[in-house]
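Starting from the structure of chain A, add chain B where the hints point.
Heads up: the protein sequence lines correspond to chains A and B, in order.
Per UniProt numbering, numbering of the first sequence is gapless, rising by one per residue and ending at 470.
Per UniProt numbering, numbering of the second sequence is gapless, rising by one per residue and ending at 534.
Warning: the hint list may mix true and false statements.
[Stated by the list, open to error] With a straight-line cut-off of 25 Å between C-alpha atoms, the simulated PhoX-like cross-links for lysine-lysine are: (1) B/Lys-531 with A/Lys-69; (2) B/Lys-525 with B/Lys-487; (3) A/Lys-7 with B/Lys-294; (4) A/Lys-297 with B/Lys-115; (5) B/Lys-360 with A/Lys-7; (6) A/Lys-73 with B/Lys-159; (7) B/Lys-531 with B/Lys-444; (8) A/Lys-319 with A/Lys-73; (9) A/Lys-61 with B/Lys-159; (10) A/Lys-7 with B/Lys-326; (11) A/Lys-28 with A/Lys-38.
Simulated from the structure, these hints should not be mistaken for laboratory data.
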Amino acid sequence: MRHLSTKATFNSHGQDSSYFLGWEEYEKNPYDEVQNPKGIIQMGLAENQLSFDLLESWLEKNPEPAGFKRDGKSIFRELALFQDYHGLPAFKRALVEFMAEIRGNRVSFDPNHMVLTAGATSANETLMFCLAEPGEAFLLPTPYYPGFDRDLKWRTEAEIVPIHCTSSNDFQITETALEAAYHEAQQRNLRVKGVLVTNPSNPLGTTLSRSELNLLISFITTKGIHLISDEIYSGTVFSSPGFVSVMEVLKDRNCDKSEVWNRVHIVCSLSKDLGLPGFRVGAIYSNDDMVVAASTKMSSFGLVSSQTQYLLSALLSDKKFTKNYISENQKRLKKRQNMLVMGLERAGISCLKSNAGLFCWVNMRHLLRSDSFEAEMELWKKIVYDVRLNISPGSSCHCTEPGWFRVCFANMTEETLDLAIQRLKDFVVEHTANGHSKSNNSSKNSNRKLLPKWVLRLSSSDRDHKPDER
Amino acid sequence: MTRPRPRTHESESETRNPTGGGGATAMRLIVPLQGVVQGRGGLILGSLIPCALFYFFQLYLKRHRSPKPGSNPTSPSQSSSNLSDLQRSSSRSNLSSRGSIGPVQVSSRASSIAKPNDSPYYIGLDRVSGDPYDRLDNPNGIIQLGLSENRLCFDLIEKWLSENTKDSVMGRDGGDLSISGIAPYQPSDGLMEFKVAMADFMSQVMGRAVSFDPSQMVLTAGATPALEILCFCLADPGNAFLVPTPYYPGFDRDMRWRTGVDLIPVHCRSTDNFIISITALDQAFNQARKRGIKVRGILISNPSNPVGNLLPRETLYNLLDFAREKNIHIVSDEIFAGSMYGSEEFVSMAEILDMEDIDKNRIHIVYGLSKDLALPGFRVGVIYSFNESVLIAAKKLTRFSSISAPTQRLLISMVSDTRFIQEYIETNKKRIREMHDLFVEGLKQLGIKCAQSCAGLYCWADMSGLISSYSEKGELELWDKLLNIAKINVTPGSACHCIEPGWFRCCFTTLSQEDVVIVIERIRKVAETCKISS
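Only chain A is shown next, with the shape it has when bound in the complex (with noise of 0.2 Å):
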């Protein structure tokens, strides 16, 4: 018998986690308006599909860059031959402009400072390499996004340690949670090389405050550690108090000259913001030469493919184009969150309040049996099976209080977020009226296979050729 290496071997460990059971039923069973219109509505994938059209009609009005032309000549054989981990400067200063415009061009971003990789999830996984050895942990605000489990210890071999943000002030991190997750780290014998917050949040959706991002500057200051900010989704807020970087923060703390500076790094991608997350384009943005040095010969395991930087530099390089596309994109996020937030209203369902991401942090506290997270685990059984919605429990993103769900509202029709919100609607009528007794429609044989060991197992789950996550 051929041995395989643990790391291999570890992770096929993950298959029978009933964790995939949402995603599972989805692909069994998916919903389609015309030729499946009972089949499960997929609420679990952040993807932003609101704004297709202003990229098709770009493309349409500009076919050179997708036909290897510049001005009129061809320059297939530079792309072609391209492989540079530096990366096509066009691309990366069309691309910090972008950043900067995003952020109001409070900040302004150096394309030298950037590295290019096949997806934020390969810029999380090279900084990871880059600044943490095997052994070493990360404290990250839960709750997070589950794929960290995956994208930040698989084979970095370093640790997460969470530290816990609860309801009772928005999820926001506070600085007794910090000291805490520090000293647990502590306890458990391990030693701290950073903080690692999203911002936006996901699955939260909103912006970190000011005050937030002053605090964890100081704690990174005092400990002496890295910190990574993921703002991935900084392109997607669509409301007041509006997003601030926590490079803006720096800078109004003079912090440019002092070293904390080149402990903070931010990774970016094109996922979110362009919604393009099948292009494979992420970013590592940091002011620390060595981390750009290591992370740029890192990248030629994750290059973006040069067909499509050059596409993407003649896009980002229409400022015309990407402020109308920036604006027009918020505006129906905006309004999609709005038509989620208020159906669920009208259901008697609230949500944490948003003003970012492609989701609504969703509180159901009200409908559990009791406030565990096998009573969540059940009611996620019964929203998956019976209102037949794919949504993603609060405890697989590491929520200490049960009873939260991730439900995205971009990646689908209005028409069919109608639908979904009509379902639980229903279900939330239903449910109450029959207090908490058994559900009646369960066909399906599988639920009775679940058991609460995977909550345990779940960070070491994972899905094969699914969509990610995000």
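Just chain B, lined up with the frame of chain A:
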């Protein structure tokens, strides 16, 4: 980047020295303590000497505590709960020019990678980008012969593009071109349509001697991550792969950097035309075992880089037998399979497996479009495996190295155009052969012979007649002359771990016929100075 031994071993062996100093030291210890310790002499010595040893051990540790920079990637002793320890020990990985010691810096993986690479392979590439030859703009620049790129058939692809691009980039959604075909998330291991197209392409490129099953395929952003992913799946940190030399310098980076896996060279000789011998493989395997290193597999490149020869069928069978006997894997990098110009027949590992009912779970093939279709910028690589578990694990790891969707769409159209591909393969072969013959003949005129080869985008030239001393030093001196005087960048054999000095890899598919003449002329000038001085 080999794993250094843990520091504790070193300190233990050295602490024995202070107390080994003899009776005098021991007496000085014992006398002051005599008043404290009661009892008979035997008991005293029996208890004091270990105490003394311990005392000196602590003293030694206190004095020699400063950690070495960049060493020891795993250091459980460092994860102390003391904040000040955090500050002090982090300085070991601080190679930054700012030089302040204190807060955490980057990981040792980063600091070792961030250093400029000192291999002549990389140095040469850097030098060329600083002063690249251009017939018109920079006729005295350095001519690149160190990058195995194929520029001979772009006209064919350009023609295809001009006739086909409109439909090919975006997907078709109900008859209309739609971005929803390429914008949303796709399976991280590639679109099924692309896998189908690649399976057929690989079969076509290998002369239809074997067929490939798309469900055994995982697509990655280039062959570079394909190799790394396989490494992560097949070996643990500290394990090793046996690699016949000379080998592609990039393997040292791709297979070792982040995986912690080591490469053990298995030297091949010019007398065998650099074909691996099972005896040498066996020797290397046993030596590794004696050193306590677990060998997980063999990495071969076939067609070979840098030599450009093919592994004969019999060698492939022997390798399989060896792998089975030792219970290890074989990774076969077949990325140059479509860049054949000789008359020999390429035999893929897949073909061997087809023939026999051998257990196939240990065989994995790596492929890509960077050489055969000359599209390194598009980042298309393939892992082809017969092992279900490897496929499952590799699929998951592709999330870090997925191919861009618009690129997949474009290439599905191109690669599925069998008629175009046939024309391309044949023309490509012809043009590589022409360039090869021209170049090798040119070298022959200078008295430089090349190894027998029939594939690849380069030749393996024996310039040992021009080196002043038959050693790596002599070889590098020649390399330096070629780079700085002749102004051509070639890859010296030592960068490829070749055990015989004087061999150089010269890539000729980035040249035009006129360039070849210039290159030969430049080499001639240097060759003459070498002959004068020797």
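A quick look at each hint next to the structure:
A C-alpha spacing of about 50 Å is found between B/Lys-531 and A/Lys-69, which places the hinted pair above 25 Å, so the restraint is violated. Taking the CA atoms of B/Lys-525 and B/Lys-487, the gap is about 11 Å. The hint holds against a cut of 25 Å. The straight-line distance between the Cα atoms of A/Lys-7 and B/Lys-294 is roughly 16 Å, inside the 25 Å bound, and the hint therefore holds. The hinted pair formed by A/Lys-297 and B/Lys-115 meets the criterion: a straight-line CA distance of about 10 Å does not exceed 25 Å.
Pair hint B/Lys-360 plus A/Lys-7 holds up; C-alpha atoms about 21 Å apart against a cutoff of 25 Å. Our distance criterion of 25 Å between C-alpha atoms is met by A/Lys-73 and B/Lys-159, whose separation comes to about 13 Å. Between B/Lys-531 and B/Lys-444 the alpha-carbon distance is near 16 Å, which keeps this suggested pair within the 25 Å criterion. Between the alpha carbons of A/Lys-319 and A/Lys-73 the distance comes to roughly 23 Å, so the proposed pair stays at or under 25 Å and holds.
Between A/Lys-61 and B/Lys-159, the direct Cα distance comes to roughly 23 Å. Compliance with the 25 Å bound is thereby established for this hinted pair. As the CA atoms of A/Lys-7 and B/Lys-326 are separated by approximately 22 Å, the hinted pair is consistent with the 25 Å bound. For the hint linking A/Lys-28 to A/Lys-38, the alpha-carbon distance of about 12 Å falls within 25 Å, and the restraint holds.
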